[in-house]
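J.: Here are the chains, one letter per residue:
Number of protein chains: 2
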Amino acid sequence: MDHLIFENFSKHITLSDSEKSYVSSLLSEKNVLKKEVLLRQGQTCNKFFFVEKGSLQAFNINEDGKESTIMFALSDWWITDMDSFVNQTTSNLTIAALEDSKLIELDFANLQILYKELPVFERFFRILFQNAYIREQRRALYNISMTTEERYLQFVKKYPAMVEKITQKQIASYLGVTPEFLSSIKKKSAS
Amino acid sequence: MDHLIFENFSKHITLSDSEKSYVSSLLSEKNVLKKEVLLRQGQTCNKFFFVEKGSLQAFNINEDGKESTIMFALSDWWITDMDSFVNQTTSNLTIAALEDSKLIELDFANLQILYKELPVFERFFRILFQNAYIREQRRALYNISMTTEERYLQFVKKYPAMVEKITQKQIASYLGVTPEFLSSIKKKSAS
DNA sequence: CGTCTATTTGAATGTACTCAAAAGCGGTGG
DNA sequence: CCACCGCTTTTGAGTACATTCAAATAGACG
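Residue numbers (this note's numbering), protein chains in the order written: chain A, 1 to 191; chain D, 1 to 191.
Hints in this document: simulated from the structure, not taken from any laboratory.
Each hint should be verified, as a subset may be incorrect.
Any copy, or any two copies together, can satisfy a pair, since identical chains are not distinguished.
Stated by the list, open to error - Here are the simulated BS3-like pairs of lysine-lysine, each with C-alpha atoms no more than 25 Å apart in a straight line: (1) 20 - 116; (2) 53 - 158; (3) 158 - 116; (4) 66 - 169; (5) 11 - 116; (6) 102 - 66.
Can you make the complete structure from the sequences, with help from the hints?
T.: Structure (structure tokens):
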């Protein structure tokens, strides 16, 4: 079926050919256009997305209309509203394509089957969530301990490929500041 | 061996008596006094702690001496510097006891054995990390989208048992603001 | 080419920090 | 059991960081 997702699996687990084809039967491919919405805030999320090609953004819009970006996902990343997905509750997030993208979808029911039939996926997602947890914990530390300028420079340094694809307004929404303020930081930071 | 940790395991997995006693052999008990340090920033963390009784704090101190709290752990919580623990790298965090506490330690090598001998622990920690990830992702959203006052009220509402045990200075270090500013928020918020 | 959105700029305002000093509180030793 | 000590909390003045609003400029896209 697909290359990249099986390479992704193989980072942490080994699958036989027959297992691979079984896994394939639980996955489905989806092509989306730029700006297409995959999950809308308020819905229940029942898909776990893997980005084969392209990029996605997961963001929240609050009562005042302010947009806050939770994460961006490039090729080879997994993304979903984990809270909504695992607890099957109403989502706080909207997930949309930043560009034309090719995704692999794993839906909630199929993931439960996968855990049951191929327990090695417990291990795979254990490691995936472990890394996600580490990333988010690090982000929490940065958010509470660094200045906005430091966090901006850090973001650019850490995710250069992301910076290529997104606007400054979107970086601002990831950092939790206004686009105007980010603009003034950039100016100051360049001098 | 211990009650609470096996109740904690049983939230997500089922263990036979013989499995329980095997698991016990990989765990060790540790009693610590108030202010005792379990992990010091700069060391490599090789223990995963479960709090049977008492409470812990994990925090970072930056170059300027500013303290930032990553998490507090009460009874029935797991805590470690996950980054340092799983990647066996130098820790950015110090973990210390907020009061006399009783802990269960699972060390890095034993956890690898546990994954191998009882793969059901892959599932257990998959769910644990999944929940930890959800919590941290939610925290990231709060950090970038809410005012400090909202985050303070939220913290108090969400972790009332924690608030009992910690100082306002520590809450401030979790929220990423100065104690002086938190004091002024409380005053304003009370009126 | 025209339209829409992103980015920049600046002034005014509000949020949060720094520093310093006073008040409150808890623990310890006498 | 009280007095003292150290740390936390409060208060306030001055400064720095960040937002809001408005307007001008620049880019992206059909």
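J.: Take the hints in turn and mark each one as holding or not.
T.: Hints, one by one, checked against the model:
When the C-alpha separation of residue 20 and residue 116 is checked against a cutoff of 25 Å, the pair qualifies both within a copy, at 15 Å, and between copies, at 22 Å. Taking the shortest alpha-carbon separations for residue 53 and residue 158, only the intra-copy value of 20 Å comes in at or below 25 Å, while the best inter-copy value is 39 Å. When the C-alpha separation of residue 158 and residue 116 is checked against a cutoff of 25 Å, the pair qualifies neither within a copy, at 36 Å, nor between copies, at 34 Å. Taking the shortest Cα distances, residue 66 and residue 169 sit within 25 Å of each other inside one copy (12 Å), while across copies they are farther apart (30 Å).
In the homo-oligomer, the alpha carbons of residue 11 and residue 116 lie at most 25 Å apart both inside one protomer (21 Å) and across protomers (18 Å), since each shortest distance falls under that limit. For the identical chains of this complex, residue 102 and residue 66 are neighbours neither inside a copy (28 Å) nor across copies (44 Å), given an alpha-carbon limit of 25 Å.
Going through the hint list in order, the structure does not satisfy hints 3 and 6.
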